[in-house]
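Trainee: Numbering (my numbering), first residue to last: 1 to 228.
Rather than coming from a laboratory, the hints here were simulated on the basis of the structure. Please note: incorrect hints may appear among the correct ones.
Stated by the list, open to error - Dumping the calculated DSSO-like pairs for lysine-lysine here, alpha-carbon to alpha-carbon at most 30 Å:
#1 Lys222 x Lys83
#2 Lys83 x Lys67
#3 Lys43 x Lys222
#4 Lys146 x Lys214
#5 Lys83 x Lys214
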Amino acid sequence: MPQTIAIIVAAGSGLRFGGDTPKQFLELDGAPVCVCAGRCFRKAVPEIRIIYVLPERDFSLWEEFMKRFIADWNDVAFVRGGKSRWESVKNALGAIVADTAASATVLVHDGARPLVDEETIRAVIRASVNTDGAVPVIPVTDSLRKIGEDGVSSEPVDRSSYRAVQTPQGSRLWRLRQAYEMPYDESFTDDASVLAAAGFSNIVLVKGSVRNIKITTPEDLKIAACLI
Numbered sequence: 001m002p003q004t005i006a007i008i009v010a011a012g013s014g015l016r017f018g019g020d021t022p023k024q025f026l027e028l029d030g031a032p033v034c035v036c037a038g039r040c041f042r043k044a045v046p047e048i049r050i051i052y053v054l055p056e057r058d059f060s061l062w063e064e065f066m067k068r069f070i071a072d073w074n075d076v077a078f079v080r081g082g083k084s085r086w087e088s089v090k091n092a093l094g095a096i097v098a099d100t101a102a103s104a105t106v107l108v109h110d111g112a113r114p115l116v117d118e119e120t121i122r123a124v125i126r127a128s129v130n131t132d133g134a135v136p137v138i139p140v141t142d143s144l145r146k147i148g149e150d151g152v153s154s155e156p157v158d159r160s161s162y163r164a165v166q167t168p169q170g171s172r173l174w175r176l177r178q179a180y181e182m183p184y185d186e187s188f189t190d191d192a193s194v195l196a197a198a199g200f201s202n203i204v205l206v207k208g209s210v211r212n213i214k215i216t217t218p219e220d221l222k223i224a225a226c227l228i
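My request is simple: use the sequences and hints to build the entire structure.
Mentor: Here's what the structure looks like:
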């Protein structure tokens, strides 16, 4: 397996969740949500290097908080986040040590996804080797409707043509570095969209998991606790 680095983006404010503690630091199974995510990567790839991107505000406080839970982990670094997810990932890429092989596989993961499974992680790594990038997805099970320009009218769309996108999203280090040198654009919703905008269009989809939920609401945290 190629050298692998996981960038776990845990820099969000969690405003949609409510409360004073960002969702990625709430407790799940005795540890912060983003630490649970890191455990999944260490289980799938024991030699993995992990970079946690933490909130710029009170960075030192969150860094010390995290260290209490991962004191026995090797090869872990902490990086200040930015004003957007794009800027946070860019900061993490800039913090990767200079002697890291350009061919290393980088997995970018949402810190609020604590239950990513080993097979999804390994599938993304495998698919990233000979492509421009890999993205885990799951089928859309609900019916979909497209809202009209008036904001009121709508029409059905064929859900079989759509997939729900998850993380981690993977690519070679040199591709991600090159892609993230581009100026920010509002169309950048994830790492695959940044890669595609840079001309790296051979992005493949791999099977994700319904367990790989993103903690966005208090109900999501309860669901995650039931899935453990």
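Trainee: Does each hint fit the structure? Answer for all of them.
Mentor: So, going through the hints one by one against the coordinates:
| no. | hint | in the structure |
| --- | --- | --- |
| 1 | Lys222 x Lys83 | 29 Å, holds |
| 2 | Lys83 x Lys67 | 23 Å, holds |
| 3 | Lys43 x Lys222 | 23 Å, holds |
| 4 | Lys146 x Lys214 | 23 Å, holds |
| 5 | Lys83 x Lys214 | 20 Å, holds |
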